[in-house]
Amino acid sequence: MTIGVPVRADAAHQPAARTNYRGLPRTQSSRAPLSRNLANTSGPEPLTIVRAPHGFGKSTLAAQWLRALQEEDLDVVWLGADIVPVPDEAPAAAFWHQLVARLIEVTPGSRAPLGAAGPDDALHVLLSRERPVVVVIDRLEQLPGAGHALESSLLDLVKAAEQLHLIVCAREVGLLEVVGAATVDSRVLRPADLALSAEDVSALAAQQGLPLGREAAAQLVEDTGGWPALVRVVLAGTAVAHLGADDVVVDLDAGRWFLRAAWDEFATPGLADLVLRTSLLAEFTVEQAAALCPGVDVKACLSVLQGAGLVRSRTVGGTTVLSHLTAVRRECVQRLRAEQPELFAELSRTVARELLAEGRAGTAVVHLVRARLWDELVESVESGWHALVGYGEHELLGLLERLPAEVVARSARLVVLRDYVAVRSTGAEVQGVAPAVPGTLAPLLRRVFEVPGVEPIARAQDPTVRYRDVEPQVRRRLALVLCEWATERLVAGDSPVARVAFADAHLLADELADARLRTRAAVGAALVDVVHGEISSAARWLATLDDDAPDVLATEPALATFVAATQALVAVGRLDPRAPELESFLAADDVVDEARGLAVTVRLLAALVRGDHDVMAEADEAAAARSTAGEPEDLVGSIATSARIDLLLAQSRIFQARSLLARAAGQGTAYLLARARTAYHGGDFARAVALARQGIAVQPAVPRLQAGMLLVLAAAESARGHEAEAAHAAREALAVCTTSGLLQYLAYTPRHVLRSLCDDVPGLAEALDDLEARGVPDILPAPRVVAELSEREREVLEALASADSLGAVARRLYLTTNTVKTHLRSIYRKLGTHSAAETVQRAVECGLIEPPQG
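Each residue of the sequence shown is one higher than the last, beginning at 485 in the working numbering.
Some hints could be false.
[Stated by the list, open to error] Here are the simulated distance ranges between beta carbons: (1) Tyr1298 x Glu767: 20 to 26 Å; (2) Thr1303 x Asp1243: 22 to 28 Å; (3) Tyr1312 x Ala1027: 54 to 60 Å; (4) Arg1258 x Thr1303: 49 to 55 Å; (5) Gly802 x Glu646: 31 to 37 Å; (6) Glu1250 x Arg886: 55 to 61 Å; (7) Gly1095 x Arg1177: 28 to 34 Å; (8) Tyr1312 x Pro1246: 42 to 48 Å; (9) Asp1243 x Arg1309: 35 to 41 Å.
Hints listed in this document are in silico derivations from the structure and should not be mistaken for laboratory results. Model, not experiment: these values are computed from the prediction. Yeah, the Cβ is synthetic: ideal placement off N, Cα and C, and Gly gets one too.
Start from the sequences and build out the full structure, keeping to the hints where you can.
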């Protein structure tokens, strides 16, 4: 390989020495790994484009690659931005003068042209060569005469001269890439091809003495886009502060000066300003960028940034969403806050306004807090409350910690957020608790507890002192907001926190003697309690409704519906099927539209405890059939579905109960009790035990789930012959039922099973005697299957019902015929049958499978 170095154009040609590499820049191979796109190639294409911003190692890559090819029979000419035109010389002429001179240097027998050199002279030298020559043009944009004309002439040379291999290092997309790559054999390396991988970053960190783990390296790649120079600067800054500690804290701020200089390398007008202004947004659209950057050619700037790999894009709902690298955003925000605070505030205000219009109140508040725009913050909290309370818990806590006390004091909602967000429950969903997706009940709940408007108030004290030092008007507004907050938490499935907020709201309203607020809070707390199975507590809350409550309920039909429904559910929980409150609710026709689902739920539960199984099941058949797999259900919907499953179990329709469970949207803990109960009544006692123990472990522990699961566990363990375990579960279940007042599930458990445990469970016999004295029958029958089938045996049984041969069963289940016969023998033994037909008939009778069609 021969390397061309600058010579005077009029110098006599002398053959170049093969050991002269002075034309290539110095590089360290360990600092920037050879691109994976070039590592396995045998030689350069006629045209190679290496395009990336400053700091991606374009020159280093080209030099490393050429050094790796130095055993090949080719010469190298390296042209950089060091070409300086002489006085009175056209810029393009200076480039051609240097190119021709260096080609002559590595081309034996060639001589300098007479007069000014040009493209034709370069072509003449190239056509006279017998050996390939690689011409590297480094920093194309900075060459004298750079532009379309120069690139077009270079492309013509590549097409005409077979011995020429052109490598171009550029920062932006040009004619050579757009046209050249489409017309000649070429290779194009873009920023993504030159970016460092996590393994590269780990290796560079090790050179700095930093024990950077795989995850940390991957995160640094994510934050910097793998920008080689930026990564090296960040690692160098991190190494300075590391001082041999075990953990490495990557200092992204170390790259700020590099980033500030990087934007100056781009020639596109307004690009640096666009990056600065849009950096406030984690993601933005072209329209948002245009709103933040008036007078800037936004599309041109974004095109350049995307081409440079410095802006990422993804499609959301048919809209292109863009984002800057984390390191870029961080540097720009810090620069705005420190050097241009007025612009920072103006941009933050504009961004927050856009986000609020999109319903993203939480993100809007983040920007306002960061810019310390307190007036706008208070307004945003008031206008975006519903969206804000759905914001991430940790994000809210982080924001509230940064707010001055006097700012919090200006908004009742800020006071509630500060004092109640920290007690949010992190437990899993429980039976009867609303899933994460609000459903049909959410609008009604919100309307009942809606706050018509909140005026600025003073800062409240800690909740334990119940805001006694706050003005009466302040307490009244706080009570309103607490009711609203509690409703949002109930809709979101966070019932324990909803109960705390309703209770505090009731205390504040009681101090103010505000009957309307007191009634709302009491009804809300009672509703939460009855959902949890705290029947006695719910009854106590209902008992607090004073003489003023009827007047309040007369003017608020929706709230009256909640009162009547809660009273009816208390009667169901107490197993008082003929209670006047329950009879009144069942007879009522004037139910608000949004509460019809609630009314159906109460009717389903009442049908179970009153023994109207068949009548209610027939009336509800159409509603159950409309249930769609995967359709989100709300608080009422999940309870109603569980009640429908219990109705099917009461009729020994095990297969239909399983089908409804399979269609239910919530396969988490929302239907865990129904799944355990279905497994028990289907004869799968081992599965029932496993599900029951899983449900008992769910936190927070609420009586409805605890009592139901403990009673299923007691019955299933008894069926398995584990009397000690059954008695222990029954004792705990009775304690929960006695404390909470939830007797409903005692009647869901076969009476003879509980009677068999009375000797080991004090008080159980008296509880069962009380049920019989009140005429409460068994709600659910005893299991009809006395043997447990495995999952595979159930599959074989279902296939057998619709197949015409054992071979068909085997093919459907991808089993051998012998394996199917083995499973069948086990099924025969467990069901006490002797043939396939008898087995199918027995399975249908036991509810294990659906009757065969036809």
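Which numbered hints are broken by the structure, listed smallest first? The structure conflicts with hints 1, 2, 5, although it agrees with all the remaining ones.
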